[in-house]
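For the protein sequence lines, the chains are A and B, in the order given.
Numbering-wise, the numbering used here puts 270 at position 270 of the first sequence, and it's gapless, one number per residue.
Going from the second sequence to the numbering used here is simple: count from 1 and add 1000.
In short, the hints are calculated from the structure, not lab data.
Keep in mind that this is a model prediction, so the values were computed, not measured.
For glycine and all other residues, C-beta sits at the position ideal for the given N, C-alpha and C.
Please note that the accuracy of each hint is not assured.
Stated by the list, open to error - Okay, the calculated beta carbon distance ranges per label pair:
{"#": "1", "chain 1": "B", "residue 1": "K1037", "chain 2": "A", "residue 2": "G181", "range": "47 to 57 Å"}
{"#": "2", "chain 1": "A", "residue 1": "V112", "chain 2": "B", "residue 2": "L1012", "range": "24 to 34 Å"}
{"#": "3", "chain 1": "B", "residue 1": "P1038", "chain 2": "A", "residue 2": "L35", "range": "38 to 48 Å"}
{"#": "4", "chain 1": "A", "residue 1": "G222", "chain 2": "B", "residue 2": "T1042", "range": "33 to 43 Å"}
{"#": "5", "chain 1": "B", "residue 1": "L1012", "chain 2": "A", "residue 2": "T248", "range": "16 to 26 Å"}
{"#": "6", "chain 1": "B", "residue 1": "D1040", "chain 2": "A", "residue 2": "E319", "range": "54 to 64 Å"}
Chain by chain, the residues run as shown.
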Amino acid sequence: MSEPGALGLGPVVLQAGIDSDVNPAYLAIFVVYLLLVLAIGAWAYLKTNDVEDFWVYGKRLGPWLATWSYVANFVSAVSVIGYIGSVYGGGYSIVTGIVFGLMLGVSGLYFVVHKVRELNHVTFPDIIAELTGYEIARPITGTVLLANAWVYLIMQLVGAGLLVTVITGVPYEYMIWVIGGVFILYTVLGGLVSVAWTDLVQGTLMVATVAVALGYMALDLGGIASINQQFAAIEPANVAPLGEGAYTVLGVVASIVAFFGTIFTSQATIVRINATDSIRTAKIHLAAGGAILSVFYVMLVTLGAGTTVALNGAGLAVENVDRAFPVLITEYVPTTIGTVIIVAILSGILSTTDTRLHACGVTTARDIYDYFADGEPSDERLMNVSRISTVVFGLAATAAAVDPPGTIIGLYNWRAILLTSALLIPVYVTLYRRDTAGKAVLLSIVLGAVFGPGWEALGTPLGVPAAFMGVGMAVVGLAVGHAAWRGDEGTPTAATASDD
Amino acid sequence: MSVLGMPTGMFLVFVATLVAGSLGAAHFVIVHVLMGKPVDETIREEPPTATDGGHDDV
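Take these sequences, add in the hints, and give me the full structure.
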């Protein structure tokens, strides 16, 4: 995939530090925000009675909470910083290359979500272990999911730390630990109960405030049509679906496949589906979530165009696209509007951070520790392992975010390829074809996990996109494995029980 | 030709994105709300606690 407006974080972090000039008003808002989410975490701690509460909210998640929690989790640092920066640097082509695939994925999952929820599991590896009939599927899948969740966590922390630093003026190396610490604490306290309720607050705020910010920019710049005309006048490629060469058709299709697939294969999504109180709620949260998110992203990229027009018109053009949105807030808009936008940004980034932290804890305890532990661990022990691993992975991600390993968009792309290559084909084919050989599913997962990210690491030789290579090898592994091992295995017991 | 200040092709990509995200909502409203078809709530009580190595022991 082309990298729309790749974000060079190193220079940005450096520049943020140089620019440091503490803004008391913005800093106060941020402190109040952190205290609010900590208070929700403490309340959720009192509501969390057992490991099922901690992992999946006791499977009592209703439509409202599920929908807004999904929306809040969906919109990440990439959305609020990367997307606006990407529109600033590369125009609307990101809608063609990424947003369309994501939205198609949400609706696609709506149509198959009953297949996931009816199994009544907790995590994605639970489902795969049942489909394959092999317990080893838990740590194999768990490792893939943990890699994704951890990389995603680094992205969020980098984005949050960067933005809050630029806005409040507190140096990045301190701010990243404050943010990491607060989010680890409240996720550890209340598990999914904390995550869902803070997401409800954050998701609602985020969508409303982005609408307000876009409304302000539209009024300021003469309306939406005027924004688009001025955006096109800056660079005609800004309003070309493929960016006039920035994307190829093949690259766009590969990107759509990769991001479509991530919707189906995210541990956080599967855990949330399994936390719903019914299949009806599971369907509603994806149906409503998809509609809300598609409108939200259209507003967000339009805000990106407005940002581009405003900064260029005011002589505030930035070299690094990552700086576009923070500069808009701190240099262009009035403090009141800036405050509103900050609330939206923080809500978007931090609500994703807590979900990924939670996913790290659940995956480690349920899918990896439980497999390797001697005997059957008690619920209390599993909850403790969840909490400890949340702290460990959270601190490790915070440490990694101090000196990030790559660009936000680069990391975002890498984990999309990993997830889709490893899990999309074997899992969803097997959900519908329950007689698929278990070993074939495992082979397909391993081949996809190795060849997708591996092909990307090699620089996509032969011009074949990594998502195609990963998904292609997963298909080959599944087909060849099934042909070879079909006679060796019967239908897994659990699958038979489910079908009954 | 332009719509909302952008070329028609780009506008259609925006429309396609809105439609793509709303397919689930459209289906739910038409099938489960307007037509009144209930959602099949077949959720098993307890998932199996162990796997079987890919073999059918039933």
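Here is how each hint holds up against the structure:
1. B:K1037 - A:G181: 47 to 57 Å: Holds, since K1037 of chain B and G181 of chain A (Cβ atoms, about 49 Å apart) stay within the stated range.
2. A:V112 - B:L1012: 24 to 34 Å: 27 Å, holds
3. B:P1038 - A:L35: 38 to 48 Å: Since the Cβ atoms of P1038 of chain B and L35 of chain A sit about 44 Å apart, the hinted range of 38 to 48 Å holds.
4. A:G222 - B:T1042: 33 to 43 Å: Violated, at about 55 Å.
5. B:L1012 - A:T248: 16 to 26 Å: 19 Å, holds
6. B:D1040 - A:E319: 54 to 64 Å: For D1040 of chain B and E319 of chain A the Cβ distance comes to about 55 Å; the hint holds.
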